[in-house]
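Can you build the whole structure from these sequences, using the hints too?
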Amino acid sequence: MAERSGTPKHIFVTGGVASSLGKGLTAASLGNLLRARGVSVVMQKLDPYLNVDPGTMNPFQHGEVFVTDDGAETDLDIGHYERFLDINLDAAANVTTGQAYSTVIAKERAGEYLGDTVQVIPHITDELKRRMRLQATLKPVPDVIITEIGGTVGDIESQPFMEAARQIKQDVGRDNVFFVHVTLVPFLKPSGELKTKPTQHSVPFQHGEVFVTDDGAETDLDIGHYERFLDINLDAAANVTTGQAYSTVIAKERAGEYLGDTVQVIPHITDELKRRMRLQATLKPVPDVIITEIGGTVGDIESQPFMEAARQIKQDVGRDNVFFVHVTLVPFLKPSGELKTKPTQHSVAMLRSLGIQPDAIVCRSDRELPDAIKSKISQMCDVDREAVVTAADASSIYDIPQVLHDEGLDSYIIKSLRLETSEVDWTNWEPVTEAVHRPKHEVNIALVGKYIDLPDAYLSVTEALRAGGFAELTKVNIHWVRSDDCETEQGALSNLGEMDAICVPGGFGVRGIEGKLGALKFARENQIPTLGLCLGLQCMVIEFARNVAGITDATSSEFDPEGKNPVIATMAEQVDKIASSNLGGTMRLGLYEANLLPGSVVSKTYGSVLASERHRHRYEVNNSYREQLASAGLVFSGTSEKDSLVEYVELPADVHPYYVSTQAHPEFKSRPTKPNPLFHGLVKAALVRQQQQRLFEES
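For the sequence shown, counting from 1, position 350 maps to 1670 in the working numbering; every step adds exactly one.
These are calculated hints, taken from the structure and not from any lab test. Among the hints, erroneous ones may be present.
What the hints assert, rightly or not - Cross-link-like lysine-lysine pairs, in silico, PhoX-like; alpha carbons within 20 angstroms at most: (1) Lys1994 to Lys1760; (2) Lys1924 to Lys2004; (3) Lys1662 to Lys1696; (4) Lys1760 to Lys1795; (5) Lys1760 to Lys2004; (6) Lys1459 to Lys1696; (7) Lys1924 to Lys1994; (8) Lys1994 to Lys1795; (9) Lys1994 to Lys2004; (10) Lys1795 to Lys2004.
Note that the structure is a prediction, hence the values are computed from the model and not measured.
What follows is the structure, encoded as structure tokens:
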């Protein structure tokens, strides 16, 4: 297909009635379908919170921080996008309210608004639109930009994003924008009815993982979905937050940039949101499509600036270049045996009240919707019948692209935006679904973590483990083990004794560390294949130092600043930053290259003497102890370019079958179609151990 030079189409995915409906997976699956048809797609997530990025959020609330190649700490949905599309996104893929507000406030302070009254509309929505349109500047120009608007329609926080998306439809032309709305229709057991009236919009937002992009941006976990589903690398621009927008706007106001204007959500915050939303349109090559997920739920206070920015973007880029997809819920009431459409109707009505008419509605439900229900939603919500699609519960998230394709969503959007595409090519995706539904093997892998009460905190790790299994047609059963439960030998034995492999992921702080050390000691002594990630590497070094190298009081300066033998210490360039107690942006973030020791387990696993992975950490192996640890048998099998930082640690293959760790977060670059070598290697080692165990038992 010839390279595009014009304006990419916009698809906006919104959510109504309730949070956690699957907007991110809907957006990622839609991107997967369009990409399979030969359409150039770029993904984006709009998060209506005031945090500039999720980097400093509590993992129990946010979940995983997904890191892109450029080091952006993003929402875990960016991981979905990368995995589903098999593309690498960057920081521009995650836009937050915080980014937009920060920009607008900064401009007002600098006097850039020349005396205007700075408001959410147009200033915040314009900034949101700018960020939402950044993907359209890529070279080559993408065919489609899919934008997931976080939150729920009606959230105050989401309103600027909604307005920015609405304006984008005006900006780029109505025929270039498509809105998909995902909503919920709950089933009330007592009455046996599906209720269509909207539920309360103030649903607690559990964030899960912080996903890091190549450029070092700490983003929403949806950015991970985007990267995984599309197999693309996003950057910081892919995750826009309310915090970003407000920070920018406030900084501008303090700098006098608004020249005496009254600074308001409209236009100041929405302008900043639009600016951030339009950043994806500046990519080179320019994408065909920018898909933007607007976080939260329609009606949330937090989402209102995003909604307004999205509305304005439709005006800015032309109505023909923007498409709004609304994800909603159609609940089934068991007592009456009915599917209820009222929640969807109210959600769409609220979306319309923000100036956005959805072009398509994705109905989440626990069952297929009959034609009568779809026709009713079509009539009451003023969307074409073929634009009302069912997204019934699927047994695997990797089934969703096929589900949406079977419902005809991709075909309708292609027709609406007048995209030139081929038929869907399932060549790369079918092996994934084949492995999901018809595995030939099965292994048990323990994930020993600190945040297991919120599995989303390790979303990319679990998806990377499963992807490692896909490559071997193996189902990976993940066993969640609280690290505190492995402090004693008996605790480690009872929790890990039956496992085929162990994974020790990252984290921060001293809590649970002794349990991680106990788990690693058990794995090392019992020849259980083990993979350590980030903090997992640091714990692997501490455990080895204490129990093998004779440094019995070995510790990390993170856990014990006064410790006599800190085999793990703060990176020199971070000491002053950490001392200031300003934790935002103080880590080593993003994509870094490492030199691998030829012949090492890591080098053989990668099939190369070079590896490039994403990072998110403040502490490193203390080089003062490297010689002592190496002489005791620990292999430093990968280092940074100038050998200044330890990147990989292992035990030799003749000592342990697979005892490997990395200071990086390789889970962020794993794709269901392209598993990260370290996770693939762990699964292969688990299969070998399993086979050996069976032979031993049979003998």
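Do the hints match the structure? See the list:
1. Taking the CA atoms of Lys1994 and Lys1760, the gap is about 19 angstroms. The hint holds against a cut of 20 angstroms.
2. A C-alpha spacing of about 13 angstroms is found between Lys1924 and Lys2004, which places the hinted pair at or below 20 angstroms, so the restraint holds.
3. Distance check on the hinted pair: Lys1662 and Lys1696 sit about 10 angstroms apart at the alpha-carbon level, within 20 angstroms; holds.
4. Note on Lys1760 and Lys1795: the hinted pairing holds, with a Cα-Cα distance of about 8 angstroms set against a maximum of 20 angstroms.
5. About 13 angstroms separates the Cα atoms of Lys1760 and Lys2004, which keeps this hinted pair within 20 angstroms; it holds.
6. Between the alpha carbons of Lys1459 and Lys1696 the distance comes to roughly 42 angstroms, so the proposed pair goes past 20 angstroms and is violated.
7. Of the pairs offered as hints, the one joining Lys1924 and Lys1994 holds, with about 17 angstroms between alpha carbons and a cut-off of 20 angstroms not exceeded.
8. For the given pair, Lys1994 sits about 16 angstroms from Lys1795 by alpha-carbon distance, which is consistent with the 20 angstroms threshold.
9. Our distance criterion of 20 angstroms between C-alpha atoms is met by Lys1994 and Lys2004, whose separation comes to about 15 angstroms.
10. Pair hint Lys1795 plus Lys2004 holds up; C-alpha atoms about 12 angstroms apart against a cutoff of 20 angstroms.
Hint 6 from the list above is the single one not met by this structure.
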